[in-house]
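Taking the hints into account, I'd like the entire structure generated from these sequences.
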Amino acid sequence: MDDRYRRELTKLHGGEPPADLWERVLDGPRLAPLGPSVRSRVTAGVVAFVVFGLAATFLWQAFRSSGEQPAGSDQIAVPPRGETAEVFLDDGRPVFVVHHLDGTISVVDGFSSHRAWGVEELNVWCPSTRQFVEVAHEAHFDEYGDRQAGPAPGGVATFAFEVTAEDAVGDPASIVVGEMQDGTLDPHSGPERPPFCPSGGSGVDDADLIAVTGGYTGETGMVVAHSLDGRQVWDSPAEAVAAAPSGWVGVRGTLLVASDGFVQLCARVVDDECEGGVVVRGIDGIGLMLNVTRFAWVSGYEEPQVWLVQIHDGVIDNPAGVSGLLGS
Amino acid sequence: MATTGPTVRGVGEGLPERGALRSAAGEHDLEALFRSAGPQLWRAIYGYSGGRRQVAEDAVAEAFARAIEHGDGIREPLAWIYVTAFRLATRELQRERRRPPAMPDPVPGIDPADAQEILAALATLSPKQRAAVLLHDQEGFTSPEVATLLGMSAATVRVHLFRGRKHLRALLSPEEDPDG
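Line by line, the protein sequences give chains A and B.
Quick note: the first sequence uses the working numbering, first residue 585, plus one each step.
Quick note: the second sequence uses the working numbering, first residue 3, plus one each step.
Not the full set, but computed from the structure, chain A residues with beta-carbon under 7 Å of chain B:
id	residue
1	Arg588
2	Tyr589
3	Gly598
4	Pro601
5	Leu605
6	Trp606
7	Arg608
8	Val609
9	Leu615
It is worth saying that the hints were derived from the structure and are not from the lab.
These numbers come from a predicted model, not from an experiment.
Note that CB positions come from ideal geometry on N, CA and C, so glycine has one too.
This is the structure:
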C-alpha cells in the first residue's frame, strides 16, 4: 500500500544542515539548561516524598528557620554588577533584573504602579540616572522600584528571588524568580517630573548603553527597555482570544473606547465601528474618555498599536501599550 | 556506513551508525557521530518543528555541545543526544506560543513549497506522535530504536505511530493516479 503521507515524507529526505553546524557545536552550549524531564520529575517527586516523610521534623525546623522559598521557576542570568537587564518571565511578564553597584540584586516589575484609568504602563531603565521611568507619564522610580517623582501612587512591585549560582567574585550569576511582592504605597504626590533620562550623572559611557530606536528614549535617546519579537505578536485580538494563550502575549489592535465608555480591542476601526473586536476588562473607559475630551472633542478614543495583554475567559485583561518597543 | 555529503534517500535506506545506539562509554567519537547521525537528527527536528531552520540548528548544535561537555558520563550518546535535541526543540516551540509558519524556512535540499503540506499536516499531531512518525517513517528507524531515541517503550512508540499515521492518512487523502 502506497500511502500518500509516506510519499509526502520523502520530500523532507534531501534536507541538509548548514555546513558550519559542527563549528557551532564546538562553540559550546549556548541555550539555557533544560529542566528535569517528566519521568525525572516523577521519580524525583516520589523520592522527595519518601525522604520528606522520614525527616519531616527536621525539614520543618529547617523551613521555619529559612523562611519562604520563591515559588517561581524562571532561571535568569544576572547582568554584570551595575547593569540592568530587561527580561520576560516564563509567563511573559516583563521585569528588570538590577545588579546594584554594591553587588546586591533586585527584580523589579516592568509595569509602572501608575495605571491611568486602568491602562497598564511600561517602565524603561535609564542608565544615566539609574532610574526607572514610566514612558507614558514619566513617573520616576529608583533602582529598587521606590517611587521618586511623577504620577504614581507608590513604588513598583518587586519579586522575591533565590540565587542559584555565583560568579568568581561571589556576585549572583543566576537567580530563580519567585512570587511578586507589592510595591510600596505612599501618599506623597511628589514634585514635578524631572528630565527624562538626561545625559551624565552616572559616569556610564554612551557606548555601554542600549539604544532603543523609536518610541520612548528620553533625552539621551538611550534607555534599556523590553522589546517584543514582532513575529510572535498576534495579528488580531480575535485570533489571540481564540487561541487562549497563557501569560502575557503581544497583540496588534486598536483600543476603542466608545462614548459610553465601552472598551474593546479591535482588529481595525472603520467609521467608528469595531471590526474583529474583543471586550477589554480593567480599563476605566469613562475616566479615559473624560480626560481625553478635556482637550478635544472626540466621539471615541482610538489607540492603534501593539499591546501586551493577558487573556482570560474570552476577554482581554490589563492591556499595556508597547508601541515603539518592537524588536526588529 | 557514515554519510558526510548531501544524500537523497528512500524510506529506510542508508541508516548511518546504527551501532552508535549502543556505543559504550569511552569510545565516543562525537564528531564522527555528528557527521553520520547529525543530518538525520537535523532533518527530524526540522520536520518536528514545522520547518523552522533555526530551531533545528539550535537544538542539534546544543545537544551535541552538551554531549561533549558531559564527556564519558553518557552511556548511550546518540540516544542521549536525540532525547536532548527533541526536548530543546519542544521548549523552543513552546516559547514561541504561536502557530506554525505559513511557509517552511528554505534549506538546501528541501523545496519549501513542496514540503509545506506535509509539514502542516505533521504540525497537527501531538509532539510524540510527530517525533515517532518522523523517526520511523521518514528516517527509517525501527520501533525499538525509536523507543531508545525518544526515551519511551517500544509499545508506546507503536501506539504513537498508529495514531499519528491514522491522522496523517485522514488529512492527506490519496491522490488520483494520473495514469489510471
